[in-house]
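Can you build the whole structure from these sequences, using the hints too?
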Amino acid sequence: MCRNHGPGHRHGDCRCAGAPMERFMQPCLLLLLHRRSTHGYELIQSLREFGFHDSEADPGTVYRNLRRLEEEGLVSSQWDTSGGGPARRLYRLTPEGEELLHAWAEAITHNKRRLEYFLARYREEFAQSKY
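Residue numbers for the sequence shown follow the numbering used here, beginning at 1 and rising by one.
What the hints contain is simulated information worked out from the structure, not anything from laboratory work. Just so you know, not all the hints are guaranteed correct.
Claimed, not checked - Each computed SDA-like pair below joins lysine to any residue, with the alpha-carbon atoms no more than 25 Å apart:
hint: 1; residue 1: Lys112; residue 2: Ala127
hint: 2; residue 1: Lys112; residue 2: Leu32
hint: 3; residue 1: Lys112; residue 2: Leu101
hint: 4; residue 1: Lys112; residue 2: Ser46
hint: 5; residue 1: Lys112; residue 2: Glu49
hint: 6; residue 1: Lys112; residue 2: Tyr122
hint: 7; residue 1: Lys112; residue 2: Leu100
hint: 8; residue 1: Lys112; residue 2: Gly51
hint: 9; residue 1: Lys112; residue 2: Glu99
hint: 10; residue 1: Lys112; residue 2: Pro27
hint: 11; residue 1: Lys112; residue 2: Arg123
Said to hold, decoys possible - Okay, the calculated beta carbon distance ranges per label pair:
hint: 12; residue 1: Asp54; residue 2: Ala127; range: 29 to 39 Å
hint: 13; residue 1: Gln128; residue 2: Glu42; range: 48 to 58 Å
hint: 14; residue 1: Tyr122; residue 2: Pro95; range: 39 to 49 Å
Even for Gly, the Cβ is constructed at its ideal location relative to N, Cα and C.
As structure tokens, then:
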């Protein structure tokens, strides 16, 4: 986030560096489904623990991601009629989804090292200057 915007800022045409992490939703959904099979609504609620705000984890965005993951064979779903209400989709992680989850973890670890290096250099630079 930039100095002029709060955590819910959507950035749009803003030149600040706090671009949304839309693709980060994918590994978060995979990790949540690794914990247990669940319904879309529960996934939407659980995304908050990863820092997603309601505007970022709106139902349309989450269900589009789930559909895409299912089309790619990373998630499967079936109708769950066991509850007292209307049927709901129950999402499960596939073995291919688990493989991708491991790949995401490796990529995030690599990127974290790069970001930590950048922040260390940044801090050194500004510790030496009169910012």
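These are the hints, each one checked on the structure:
no.	hint	result
1	Lys112 to Ala127	holds, 22 Å
2	Lys112 to Leu32	holds, 21 Å
3	Lys112 to Leu101	holds, 16 Å
4	Lys112 to Ser46	holds, 23 Å
5	Lys112 to Glu49	holds, 19 Å
6	Lys112 to Tyr122	holds, 15 Å
7	Lys112 to Leu100	holds, 18 Å
8	Lys112 to Gly51	holds, 17 Å
9	Lys112 to Glu99	holds, 20 Å
10	Lys112 to Pro27	holds, 15 Å
11	Lys112 to Arg123	holds, 16 Å
12	Asp54 to Ala127: 29 to 39 Å	holds, 38 Å
13	Gln128 to Glu42: 48 to 58 Å	holds, 49 Å
14	Tyr122 to Pro95: 39 to 49 Å	holds, 41 Å
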